[in-house]
Amino acid sequence: MAFEGLSERLQKAFAGLRRKGKVTEADVRDTMREIRLALLEADVNFGVVKDFVKSVRDKALGAEVLESLTPGQQIIKIVNDELVATMGEAAVPLNKSPHIPTIIMMVGLQGAGKTTTVGKLSKYLIETQKARPLLIAADVYRPAAIDQLQVVGQSVGVPVFEMGTDTDPREIVRQGLAQADLQHNDYVIIDTAGRLQIDEKLMTELTDIKAIAQPTEILLVVDSMTGQAATDVAKGFNDQLDLTGVVLTKLDGDTRGGAALSIRKVTGKPIKFIGQGEKMDALDVFYPDRMANRILGMGDMLTLIDKAQKNFDEKQAMEVAEKIKENSFDFNDFLDQMDQVSSMGSFDEIMKMIPGLANNPAMKNFHVDPKDIAHQKAIVYSMTPAEREDPDLLNPSRRRRIAAGAGRPIVEVNRMIKQFNQSKQMMSQMYKGNFAGMEGMMGGGIQGRLGKMAMNNMIRKQKKNKKKRLKNVKRFKS
Amino acid sequence: MGLFDRIKQAFGGSSPEAETPAVEKYDAGLEKSRSTFGERLNTLFANFRTVDEDFFDDLEEMLIGADVGYETAVRLSDELRESVKLHNAKKPEDVARVIVGKLVDLYGEAGAQEDNTLHYATSGPTVFLFVGVNGAGKTTTIGKLAHQLQAEGKSVLLAAADTFRAAAIEQLQEWGRRDNVPVVATQAGGDPAAVVYDAVQRAKADQVDVLLVDTAGRLQNKVNLMKELDKIKRVIVRELPDAPQEVLLVLDATTGQNALSQAKEFNQTTSISGIVLTKLDGSGKGGIVLAIRNELHVPVKLVGLGEGMDDLQAFDPNKFVYGLFKGLIDVPADD
Chain A
2 MAFEGLSERL
12 QKAFAGLRRK
22 GKVTEADVRD
32 TMREIRLALL
42 EADVNFGVVK
52 DFVKSVRDKA
62 LGAEVLESLT
72 PGQQIIKIVN
82 DELVATMGEA
92 AVPLNKSPHI
102 PTIIMMVGLQ
112 GAGKTTTVGK
122 LSKYLIETQK
132 ARPLLIAADV
142 YRPAAIDQLQ
152 VVGQSVGVPV
162 FEMGTDTDPR
172 EIVRQGLAQA
182 DLQHNDYVII
192 DTAGRLQIDE
202 KLMTELTDIK
212 AIAQPTEILL
222 VVDSMTGQAA
232 TDVAKGFNDQ
242 LDLTGVVLTK
252 LDGDTRGGAA
262 LSIRKVTGKP
272 IKFIGQGEKM
282 DALDVFYPDR
292 MANRILGMGD
302 MLTLIDKAQK
312 NFDEKQAMEV
322 AEKIKENSFD
332 FNDFLDQMDQ
342 VSSMGSFDEI
352 MKMIPGLANN
362 PAMKNFHVDP
372 KDIAHQKAIV
382 YSMTPAERED
392 PDLLNPSRRR
402 RIAAGAGRPI
412 VEVNRMIKQF
422 NQSKQMMSQM
432 YKGNFAGMEG
442 MMGGGIQGRL
452 GKMAMNNMIR
462 KQKKNKKKRL
472 KNVKRFKS
Chain B
9 MGLFDRIKQA
19 FGGSSPEAET
29 PAVEKYDAGL
39 EKSRSTFGER
49 LNTLFANFRT
59 VDEDFFDDLE
69 EMLIGADVGY
79 ETAVRLSDEL
89 RESVKLHNAK
99 KPEDVARVIV
109 GKLVDLYGEA
119 GAQEDNTLHY
129 ATSGPTVFLF
139 VGVNGAGKTT
149 TIGKLAHQLQ
159 AEGKSVLLAA
169 ADTFRAAAIE
179 QLQEWGRRDN
189 VPVVATQAGG
199 DPAAVVYDAV
209 QRAKADQVDV
219 LLVDTAGRLQ
229 NKVNLMKELD
239 KIKRVIVREL
249 PDAPQEVLLV
259 LDATTGQNAL
269 SQAKEFNQTT
279 SISGIVLTKL
289 DGSGKGGIVL
299 AIRNELHVPV
309 KLVGLGEGMD
319 DLQAFDPNKF
329 VYGLFKGLID
339 VPADD
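Protein chains in written order, with my numbering: chain A, 2 to 479; chain B, 9 to 343.
Hints in this document: simulated from the structure, not taken from any laboratory. There may be inaccurate statements among the hints.
[Unchecked claim] Below, in silico cross-link-like pairs of lysine-lysine (DSS-like), each with a Cα-Cα straight-line distance of 27 Å or less:
1) B/Lys-212 x B/Lys-239
2) A/Lys-372 x B/Lys-212
3) A/Lys-51 x A/Lys-131
4) A/Lys-425 x A/Lys-372
5) A/Lys-425 x A/Lys-280
6) A/Lys-131 x A/Lys-202
7) B/Lys-235 x A/Lys-280
8) A/Lys-372 x A/Lys-419
9) A/Lys-280 x A/Lys-419
10) B/Lys-110 x B/Lys-162
11) A/Lys-378 x B/Lys-272
12) A/Lys-97 x A/Lys-236
13) B/Lys-162 x A/Lys-280
14) B/Lys-272 x B/Lys-235
15) A/Lys-372 x B/Lys-235
16) A/Lys-51 x A/Lys-97
17) A/Lys-273 x A/Lys-131
18) A/Lys-280 x B/Lys-272
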């Protein structure tokens, strides 16, 4: 997960602060050193780190902080505010041209992920705006680059305009735009070849294409693993093309992604999207404030809640709520729950969004096989309807039959039933507002005030949603 | 002064024909790396009248800023602190001298028993397995290497084991056409280990000299994809016990500290024998090479210095150090 290293380090730096009632100047000095090294280690640009640390120090050394009752929290807040300010305050949406087509041009170094991002962006536009994009294959240099765009286009059901590799990219773009006009495509995405920002000939080609296409958006695609060079790259492209935004790719790796911080600072251009996987739906909107929370190890609660809301079918949720109320949570609900969880994304990812888990040492060795959920579902599917509703029926003989039916070892069936029972217990406890049981479930529990704070926040939100749901039920019934 | 003798000695062998095309190429390719790394050091020296703790703090920051890695940077600045005291260096020029000497030493020390050459099988086919994250330049490297091996008179076979990424197979096949080298491939989405098995069988049957295996890019924290890579390697070892002669991690030179994590994880899965550093012509820094050598002891074997067929070169640490520190060595020598 992105920034995990950064949050680990910052939490270590703050660990000392939390225990003390008052922050001395020496404390601030030590903390700032940790912050500085953490950011540098995360590949944040040199100059950005300097400014960042300086402004945090200036603010932290103010009398208000020193006299405050919880100095650690104050500093965390200052760092958080500063992180958000550096990455840009609000999520910036994609610009839309007043007349169709909206033309988006993708640029970047070789191997940054331009073509993959073109595919993801098309899918995103289709899903959010029912768009009818046309892709223009303007990479005539790299072998099979056009084939790649065609395969990607096919997989998301979008036409690709190409003229082979013998035509000048400027001409391809010109004719591609003409075709888009004829077909009334509302979006045109131009996939350009990867190039170095110091390659004058190829950069001129880009400025020419820009002049021809007059794009609404010029997005720089940057590999989030890029080191200090990220700012040079962003600056080089920005100076020559005047970018409108940035896409950070490969953030599903274990990179600390300091590039996010510095690119915004150096170019002043917003990061609009982040790529988090190889599948075509693995493109997310970039939220600076959420990313800052994640850096601070508060977990990315907002994203989690967002995802949950998007995927949580209200009606199913109501049914689950009713069942929990009666404490009759059964395997059918368990199945629903698993479906919802798996539609939110990979399980590792979700776990790490929960506050206190991102830097929990136990999480290091915590890998969830994506197939686990499928296996568990197979086990439930191998139960009779009666068994699903009444888990107490499951005697050893029935368990053996289920194991054979699901093609899983019997130990796995037993483990799954145990998990189900825990889940059942947790759900009923959570409903009652008692999550002592939950702490036990998550290894060492949720540590630190920050973690508790965020956890409380989550439970409060959940309760609120539930009340709303129950109200709806009443209204519906009356 | 001992330092300059040492450096002269180190590069003395190549000094008569120092500006051979290869060296020039390195020079040109590293122009950017040197200017940032060397210039930074010089600026640093210029800005300090006295050598104090702030100086070392800044030096530490600067080294991290050049992508050398946190551990290396701290170790370096600690050692430099000692040497400066030891040599009683006060003036910036003296300090500069000590620091440059230390950097060269460190380079030599880490690379003492380093083997930068590619290894070939004594008999039967040689297998090179290429691994790395997405977009590092695996396929391009294979295309260039195939061209060079072909030119050396070796028979080459390519295996398209990247069955996942869109048009990756076509990309390798296009290289095969350009180089006039056969490519073993299956349809997209096929089992990569099966492709590798077929390729090894064919390499044995056709008595091919070198088999280059292209794999799909994968991020090192994806457990299942890393397991797939492990399986690919097992297939090779089972069919040819001495193979693969080289497991090469292809690394984008613009990568920051994540390069260390990549090297560590890929090393754990496939025990990499060397690194191919690509896109070095565009990288702002050369520091990551220091970090890799000091923290992982995996030698760099090939470097990519451009997009042309001939822009893949054997890695020569001496030339690299020479390129990296050229400006610095000249500066103190002038006064």
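Hint check:
no.: 1; hint: B/Lys-212 x B/Lys-239; result: holds, 20 Å
no.: 2; hint: A/Lys-372 x B/Lys-212; result: violated, 37 Å
no.: 3; hint: A/Lys-51 x A/Lys-131; result: violated, 45 Å
no.: 4; hint: A/Lys-425 x A/Lys-372; result: holds, 22 Å
no.: 5; hint: A/Lys-425 x A/Lys-280; result: violated, 33 Å
no.: 6; hint: A/Lys-131 x A/Lys-202; result: violated, 38 Å
no.: 7; hint: B/Lys-235 x A/Lys-280; result: holds, 19 Å
no.: 8; hint: A/Lys-372 x A/Lys-419; result: holds, 19 Å
no.: 9; hint: A/Lys-280 x A/Lys-419; result: violated, 33 Å
no.: 10; hint: B/Lys-110 x B/Lys-162; result: violated, 42 Å
no.: 11; hint: A/Lys-378 x B/Lys-272; result: violated, 35 Å
no.: 12; hint: A/Lys-97 x A/Lys-236; result: holds, 24 Å
no.: 13; hint: B/Lys-162 x A/Lys-280; result: violated, 39 Å
no.: 14; hint: B/Lys-272 x B/Lys-235; result: holds, 15 Å
no.: 15; hint: A/Lys-372 x B/Lys-235; result: holds, 14 Å
no.: 16; hint: A/Lys-51 x A/Lys-97; result: violated, 36 Å
no.: 17; hint: A/Lys-273 x A/Lys-131; result: holds, 20 Å
no.: 18; hint: A/Lys-280 x B/Lys-272; result: holds, 26 Å
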